[in-house]
Amino acid sequence: DGHRPPQVVPGADPSARQLCFAWGPAEVLVCETLFGRAGGARSRCLSRSPCPSRFWGQGRAGAAAPSLTGSVSGTGEGAPNSSRVFVVRRDQDIYIQTLRKLFNESHGIFMGLQRSEEELAGKSRKAQLVQVSKNYRSVIRACMEDMHQAAVSTRDPALQGQYSTQVSILSAMELIWNLCEILFVEAAAAGPLLLRLLDWVRLHVCDVDSMVREVLSSESPSKHKLFWNVVDVFVLQGRMDEARHLLSKEASANPTSMNMYKILDDLMKKMPVPSLGNTQTLTELELKWQHWHEECQRYLQDGTFASNPHMESICKILLGDEDAILEKKELMTTWYHFLVTRLLYSHPTVKPMELRFYAQSSMDLFLGGESSPEPLDMILMAAFEFEMHQVIKECSIVLSNWWFVAHLTDLLDHCKLLQSHNLYFGSNMREFLLLEYASGLFSHHSLWQLGVDYFDHCPEFGRVYLELHIERIPLSTEQKALKVLRICEQRQMHEQVRSICKIMAMKALRNNRLGSALSWSIRAKDAAFATLISDRFLKDYCERGCFSDLDLIDNLGPSMLLSDRLTFLGKYREFHRLYGEKRFPEAARLLLTLMTAHIAPCSFWMTLLTDALPLLEQKEVIFSAEQTYELMRCLEDLTAGNPDKQKFQDDDVETTKVEMLRLALARNLARVIVKEGTVEGS
Amino acid sequence: QDNRISIWSAGDFGNAGLNGEYHGEPHLLCDIQHNGDVMDMQFLDQERIVAASSTGTVTIFRHHQNNQTLSASHRWEKAHYHVDQDTSCGGAACTGVVCNNPEIVTVGEDGRINLFRADQKDAVRTIDNADSSTLHAVTFLRTTEILTVNSIGQLKIWDLRQQRNEPSQIFSLAGDRVPLHCVDRHPNQQHIVATGGQDGMLSIWDIRQGTMPVSLLNAHEAEMWEVHFHPSDPDHLFTCSEDGSLWHWDTSTNVSEKPSFLHQGGRSTAYLSHSTINQSVVSAWLSNDPTKDRMEITNLIPNQTLSVNSLDVLGPCLVYGTDAEAIYVNRQLFA
Chain A
1 DGHRPPQVVP
11 GADPSARQLC
21 FAWGPAEVLV
31 CETLFGRAGG
41 ARSRCLSRSP
51 CPSRFWGQGR
61 AGAAAPSLTG
71 SVSGTGEGAP
81 NSSRVFVVRR
91 DQDIYIQTLR
101 KLFNESHGIF
111 MGLQRSEEEL
121 AGKSRKAQLV
131 QVSKNYRSVI
141 RACMEDMHQA
151 AVSTRDPALQ
161 GQYSTQVSIL
171 SAMELIWNLC
181 EILFVEAAAA
191 GPLLLRLLDW
201 VRLHVCDVDS
211 MVREVLSSES
221 PSKHKLFWNV
231 VDVFVLQGRM
241 DEARHLLSKE
251 ASANPTSMNM
261 YKILDDLMKK
271 MPVPSLGNTQ
281 TLTELELKWQ
291 HWHEECQRYL
301 QDGTFASNPH
311 MESICKILLG
321 DEDAILEKKE
331 LMTTWYHFLV
341 TRLLYSHPTV
351 KPMELRFYAQ
361 SSMDLFLGGE
371 SSPEPLDMIL
381 MAAFEFEMHQ
391 VIKECSIVLS
401 NWWFVAHLTD
411 LLDHCKLLQS
421 HNLYFGSNMR
431 EFLLLEYASG
441 LFSHHSLWQL
451 GVDYFDHCPE
461 FGRVYLELHI
471 ERIPLSTEQK
481 ALKVLRICEQ
491 RQMHEQVRSI
501 CKIMAMKALR
511 NNRLGSALSW
521 SIRAKDAAFA
531 TLISDRFLKD
541 YCERGCFSDL
551 DLIDNLGPSM
561 LLSDRLTFLG
571 KYREFHRLYG
581 EKRFPEAARL
591 LLTLMTAHIA
601 PCSFWMTLLT
611 DALPLLEQKE
621 VIFSAEQTYE
631 LMRCLEDLTA
641 GNPDKQKFQD
651 DDVETTKVEM
661 LRLALARNLA
671 RVIVKEGTVE
681 GS
Chain B
1 QDNRISIWSA
11 GDFGNAGLNG
21 EYHGEPHLLC
31 DIQHNGDVMD
41 MQFLDQERIV
51 AASSTGTVTI
61 FRHHQNNQTL
71 SASHRWEKAH
81 YHVDQDTSCG
91 GAACTGVVCN
101 NPEIVTVGED
111 GRINLFRADQ
121 KDAVRTIDNA
131 DSSTLHAVTF
141 LRTTEILTVN
151 SIGQLKIWDL
161 RQQRNEPSQI
171 FSLAGDRVPL
181 HCVDRHPNQQ
191 HIVATGGQDG
201 MLSIWDIRQG
211 TMPVSLLNAH
221 EAEMWEVHFH
231 PSDPDHLFTC
241 SEDGSLWHWD
251 TSTNVSEKPS
261 FLHQGGRSTA
271 YLSHSTINQS
281 VVSAWLSNDP
291 TKDRMEITNL
301 IPNQTLSVNS
311 LDVLGPCLVY
321 GTDAEAIYVN
331 RQLFA
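If you read the protein sequences in the order shown, they are chains A and B. Here full-length UniProt numbering is used: position 501 in the first sequence is 501, and no number is missing along the way. Here full-length UniProt numbering is used: position 169 in the second sequence is 169, and no number is missing along the way.
Since the hints were derived computationally from the structure, they do not count as laboratory data. A hint or two may mislead.
As the list claims (entries may be wrong) - Below, in silico cross-link-like pairs of lysine-lysine (DSS-like), each with a Cα-Cα straight-line distance of 27 Å or less: (1) A:K123 to A:K101; (2) A:K507 to B:K121; (3) A:K507 to A:K134; (4) A:K126 to A:K393; (5) A:K582 to A:K525; (6) A:K480 to B:K78.
Chain A on its own, in the form it takes in the complex:
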């Protein structure tokens, strides 16, 4: 595969500073470092000569031309100038506003194609594929229209130039696609092939349209100076009826040539052309044509048209005389027009496989050594030679965007025309191009959604690419995050779900939106994060003495079970509620359960025991003997724990608390023993 020509990154000058670069998923960052160019030091950057930095494309078939889309200035420490970071993006086209319609509509067509029924075989499948191809082409044409409108209505000359360039690129794309549709998708056979090619030429060679209109709309067309040009155009494009119509005007104006006209008209009327239906076989057509050809030959040789050079040249054209046709070069404008005209008048039953010879010779004759073929010509030639891979490769190199080759290759693949031509890293060409195209989409802030569907239809590497790209989409609003999450969940990308939810939950936590953070952890079923949030709540409670966001804690519902800490939080709040409602026995029971069932974290036990104090001090005995023993056990567990607790015992407040607790528990125990020992009613 060919070398890419180096692209210049304007502004980055390796002769002044050493540059370093880093690859991103869709872009390259080139930045100036602090290190100046020491004399004689081996350069570590890509260029070898002191000239503006060059960016080498990859060696594989068709890296799209990169362009500078942004640069960020920063100050370097100690450096005399600020250093800059250049963002070099590969696919600048996705940012052109008017092309967005192309991307969106073609995405719809692509999805329709992938989902279409494979069971349809033979003719109906082919018809379906041809329809898809036509749909793609109509989208290209619609886009061309919009672009043209934009070019006409804008007042900025630079923009106008850009739009006009885009229009011509789109028009070339449609030209190539149309030819591929005729030769590959529809695979027109000898006979209909010529008709399709004629349609193709008529649709795309429109430089002569304005001249045609001018002549037709003038008062007496036959007197117009361009009259014969227009007749020639019609003949060259095989538009016999229109040619005859114009000729009749000339005949009525010029009665002397009536005889000649009648003969010519008759010849043109009788000309055998291939038909679309099955009304005649190829051999029949060839016979008829041979007959007709001889008749024309006779008239020419008899000198019937000798007095009128225009009509004579038309007759020569009808006979397929190459020199006569070549004389009308300016009217044909392109070599492929010449090719089709030649075929029409010398080999109307041309077979698809024979096209290559005629194409090559047509191009040589037409260009005649004066000009060399342009990239577009090479692409069309490759198509006539049925070299599909060559067509795709050439298009990749010439076009700045993967859209065209990706969609065309996908369509050809569905026509079962591409052998699984394995590239060196294992995936086939269709997949490679789709991956490249979709990756380009991902660098766009909104078109990335289309890219997801393309990755879905790349069986080998699509999923991996998607996993890597989807995590890098900037999540500026919650709605965007939700869309990304939905995509991940639908494809069972659990890691990415967890990671995105964590990011959103952390953001929410930092903004003090505890409810949002909890809602993200519930989505990811992330128990660890739920624990983190609960700890936050508990910390707030310890500091402030009251709960924040009661609407959340009171209404946790079944999500409480997500993490132990969360359950504890919910239950603890319930304890406070019960206490507030003066339902002391229930509150007491709950408190005890929190400790004995080990729902409460050890760090919180002291707080819980302290909460038990007011219950112990109540006039009425609340805790039973059993419960009091439990509480005492908990306290002992807490204080007799590890040697660390020694330190905490030295703290005055803590020791006072423990002592108070011990006293209260003892007192309660005393009271309760008495109460329980007392016989009722005595």
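Once you've looked at the hints, dock chain B against the given chain A.
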């Protein structure tokens, strides 16, 4: 990013083609740049539109019909922000806006509720930290009461006359706290409320009774972004979702069973008692018995691909927009 607010003309209603169908495409009348994503928008009156931005700004745009231009007539910057209004650089997205001329209520990712008046520079009232999670949508219940839904699955009623910063009522779903994304109130019966959740479930609530929904209808396969009762024909409900579908819920029962006032243009309302009308219409949405009242549900989108983010319905017209950057207008909804 280049976000714009645009006004389109969807064709004259008077011009019908040969078949009685109008084939014209909507064409752009005017547009204006908008800072940030447009999260929600609503017409304030015939000429003014309120837009909620992802930057936390709420803007009123005026549409000048004489020369077909749009201009920003008023802006409340940083209506929604995180933590501290002055230091916060990003602002918090404003997720929902609802208008009742001249009042405008907005809610956002910061859990804040703002009440603005169209002619006043500062907010009339702000309820900070109204919710510990994100508020996704807001709608008016009565002129002084609003309904909000949040990302922990709660539907709250706020009474704006009261000074306390607490909701007057909280409703929530029984099971998992699935976030609710949209809310709409029945146009005639103010106690019937519909909400849509992240799991695509449509819930119908009767806010006079209980704290739980009356019916839960399994609808879409992904987030339900918007739910709308048809403003003049509330037996019809429309929902759109991330899964790319737009459903039309039709509870209007057989023609013969319906009271005839709908057909004779209200002439016979005098003959029917008030309770009968209420009864037959109430049963449609609040009925728990799916076998008794048939509900027809139709997906209005033939080939769905990307999410339908928003919809609106008025008269026989339905308009909706998708993530494929396309707007669809259906002018013959009930044909």
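Hints violated by the structure (listed by number, smallest first):
Checked against the structure, the hints that fail are numbers 1, 2, 3 and 5, while the rest are satisfied.
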